[in-house]
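Participant: Work the whole structure out from these sequences, hints included.
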Amino acid sequence: MAWTQQEVRELKEGRYMILDEEPCRILSIQMSKPGKHGEAKARIDAVGIFDERKRSVVFPVTHKVQVPMIGKRSAQVLSLTGTEVQLMDLENYETFVLAVTPDVQGQLTPGSEVQYLDAMGKRRIMHK
Numbered sequence: 033m034a035w036t037q038q039e040v041r042e043l044k045e046g047r048y049m050i051l052d053e054e055p056c057r058i059l060s061i062q063m064s065k066p067g068k069h070g071e072a073k074a075r076i077d078a079v080g081i082f083d084e085r086k087r088s089v090v091f092p093v094t095h096k097v098q099v100p101m102i103g104k105r106s107a108q109v110l111s112l113t114g115t116e117v118q119l120m121d122l123e124n125y126e127t128f129v130l131a132v133t134p135d136v137q138g139q140l141t142p143g144s145e146v147q148y149l150d151a152m153g154k155r156r157i158m159h160k
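Heads up: the sequence shown begins at 33 in our numbering, then just goes up one per residue.
Careful, some of the hints might be misleading.
Listed below are the simulated PhoX-like cross-link pairs for lysine-lysine, each with C-alpha atoms no more than 20 angstroms apart in a straight line [claimed, not checked]: (1) K73 - K96; (2) K65 - K96; (3) K65 - K44.
Hints listed in this document are in silico derivations from the structure and should not be mistaken for laboratory results.
Facilitator: What follows is the structure, encoded as structure tokens:
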């Protein structure tokens, strides 16, 4: 299980939630007051961690949503080719290959350490 559940009222800006089967970072939350026969609603704007797409949803504040378990880990750069980088995790010494994104292009050198996100079976290098 790579996620937990939380009510919408417990979420905060800057934290994470799952929208459209994609882990997303919450950009903003606007709460409305309850109506005469309804309950308070929350409008959430978020951006995908891995696909960078913006998403907006409206839920009742008592609605339960999925919150991903995100690991922030360290790795060492083993080799660098044009569009891919080979990394070795510094805890379990696992090696893997990730695509080089434009925001980290030029910042990677063999032998240096980088931070990466690991969530729901996907990985991404964090920019500095």
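Participant: Now tell me, hint by hint, if it's right for this structure.
Facilitator: Do the hints match the structure? See the list:
no. : hint      : verdict
1   : K73 - K96 : 13 angstroms, holds
2   : K65 - K96 : 19 angstroms, holds
3   : K65 - K44 : 18 angstroms, holds
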